Amino acid sequence: MKITGKENKQWSRLGSRATYGQAILMLAEKLDDLMVLSADLGNSSGLDRFKATHPDKFLNIGIAEQNMIGVAAGLAKEGSVVFASSFAPFITMRAAEQVRMNMGYMDLNIKTVAIGSGVSMSFLGNSHFGLEDAAIMRSIPNMTVVSPADCAEIVKTVFAAAEYPHPMYIRLTGAVGFPVVYEDDYDFQIGKAVEIKLGTDVSIVATGSMVYESLEAAKILQEVGISVSVLNMHTIKPIDTNALDNLIHKGKIIFTIEEHSITGGLGSAVAEYVSSIPNSPVVNRIGLPDEFVITAEYRYILEKYGLVGSHIANTIKEKIKI
Amino acid sequence: MTNKEKYDQVFIDSFSITADQLNENLVYQSVQQWDSIGHMGMVAALEEAFDIMMETDDIIDFGSYNKGIELLAKYNVVI
Amino acid sequence: MNNNELTLLAKKSRVQLLELAFKSDGPSHLGGGLSMVEIFTVLYGNILNYDIKNPEWEKRDRFILSKGHGVLPFFIALHNAGFISQEVLYTYKKNESDLISHPVMNLELGMESSNGSLGHGLSMAVGISLALKKRNNFESRVFVVMGDGECNEGSVWEASMSAAHFKLDNLIAIVDYNKLQSDGNSETVMDIGLLEKKWESFGWDVISLDGHDIVALNDALSHNANNMKPRVIVAHTTKGKGVSFMENNNTWHHNRLTQTTFDQAIVELNL
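Protein chains in written order, with numbering that gives the first Met the number 0: chain Y, 0 to 321; chain S, 0 to 78; chain W, 0 to 270.
These aren't lab readings, by the way, just hints derived from the structure by calculation.
Values in this document were obtained by computation on a predicted structure and should not be read as measured data.
No residue lacks a Cβ here, since even glycine has one placed at the ideal position from N, Cα and C.
Hints are not guaranteed to be accurate.
Lysine-lysine pairs mimicking DSS-like chemistry, simulated, CA-CA at most 27 Å apart [claimed, not checked]:
(1) Y/K196 - Y/K320
(2) W/K196 - W/K58
(3) Y/K5 - S/K5
(4) Y/K303 - W/K228
(5) W/K22 - S/K66
(6) S/K5 - Y/K56
(7) W/K178 - W/K228
(8) Y/K196 - Y/K1
If you want a taste of the chain Y side facing chain W, the calculated C-beta under 7 Å gives, among others [what the hints assert, rightly or not]:
(9) D39
(10) H53
(11) G61
(12) I293
(13) A295
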């Protein structure tokens, strides 16, 4: 699925959820046996146009996420490609066991899409935040976990997911105005990290919304003579060990950055692998603390926990003792 | 292009409608493409066409073709 | 408070609610908040036993807003009751505030539990009701407000089944039956069928009433029926009640007021 910089800018204005809605609408033109499910969050998932255009491909299960996953399983088993969306905690925790049994244990071809993951739900608060969703999904065998870095990557992920005959958890961070990372088309493959920026002093591995913030941090650090590489690890599971081998080989300190708890997500996945290789560099995990977080505007929360470019740059400077 | 021509073209392009639909009946959700997504796209196109940035409240109040003309006057765009 | 006073308080509460939502300068769950104004007015104006000077008073009645996004009338009721000052009330939706879009447990402010994810409150209420009986507290009652969309959640029915099983006659649930949910008309999204009959079949004592009728609410809430059953009040309401352009208009499920719409609404409410 090719994208252009211009499209990406338009999608960026619409934001992550609306882009999912657009992507799945485009997919429906190409995929006959597509089923899209929601748990009374169709409008919130950007699906109103999809519902109107393809009513036969849409099912609203009402506020019943556990049932949604079970129903998705039945549909998938009978051959449909199924996408089911809701907020992160409701998919990964409310329906965790259904996810485990149907997607994990039975390896059924369901893609769950967590809209509003991370802390983008702002004033809706912790009940709605996705703080630990990647950690939980990662721990289930047979699960693939992808966190797109910008709206173009959301589109590419949706299209790639449709061709990928395995269960997948797609974690959407960002909101309206999700910043653009990719100004041009690029090669996207599930499981293959993308080297967005080369650098020689510090290695950043980021995912989702933090890819853009890492690039901002890299610009700031460049100005003080610190050269930072940024690797977009969109697929948290299975993690791209080849890409990590390259970083290990470079031997520079590694920072992982995610809009997710530092427990169990990208950082943990990277640390698990890197620590198994002798003489490997230190991995510093930057993310949300092991706490329920404050409630505020989205950007305010990110700043509070150091998850914006300038703060990330400061954290890195401190850690490498500049 | 006059301002009116630019304004009209945005509606025609954004919602795949024809010139004869550009009247007081053209309101939010009265045509299929003027849903929440279409609305954002139309606003973005108007902002680009007239080089303005609309305030959130105005974007919300922008419920019809006619209302839009009224609102744009706030940004010194006379249709 | 008598019924006339309650009616006036409900009217005043609607105005306070809109002012709060408008001043917060962002979207609020207005529709589903307005449908519950009478319910909250009667609960906090007449029914619930509480002591604002002693929010942890053992003999207090417990109230849980399981329909967590219904905070607007809840915060207004807590303010009018004296739990939340005007100053604190206006921290609603300010960065790092205690008052966000869903209740966060804080007994000082009058909030018994944290909610937001639907379908949790009734289970906790069952637990509290059991605990009260265990401790021989036969004065306190437990009240839970849920939404009809919320009744889509299976966990509600697990709790419902257990409440009847445990014969919790100190438990009252209220369903704000406004027949709309986030994606639209509830019958179209996920038809709940005959709601009263469902609760009845689960062993509850069911009262069906007009959720904006203060007299009826007062009567139904004042006591349980003494038949060893939990009671549910299925309150038929109108989402957006009180503001003509919001009534049954689901674009007001979660939306922000502009100066224009705020002014229009206030004019109507002051008539």
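Consistency of the hints with the structure:
no.: 1; hint: Y/K196 - Y/K320; verdict: 23 Å, holds
no.: 2; hint: W/K196 - W/K58; verdict: 33 Å, violated
no.: 3; hint: Y/K5 - S/K5; verdict: 20 Å, holds
no.: 4; hint: Y/K303 - W/K228; verdict: 49 Å, violated
no.: 5; hint: W/K22 - S/K66; verdict: 24 Å, holds
no.: 6; hint: S/K5 - Y/K56; verdict: 37 Å, violated
no.: 7; hint: W/K178 - W/K228; verdict: 26 Å, holds
no.: 8; hint: Y/K196 - Y/K1; verdict: 21 Å, holds
no.: 9; hint: D39; verdict: 5 Å, holds
no.: 10; hint: H53; verdict: 16 Å, violated
no.: 11; hint: G61; verdict: 3 Å, holds
no.: 12; hint: I293; verdict: 5 Å, holds
no.: 13; hint: A295; verdict: 4 Å, holds
The structure does not agree with the numbered hints 2, 4, 6 and 10 stated previously, though it agrees with the rest.
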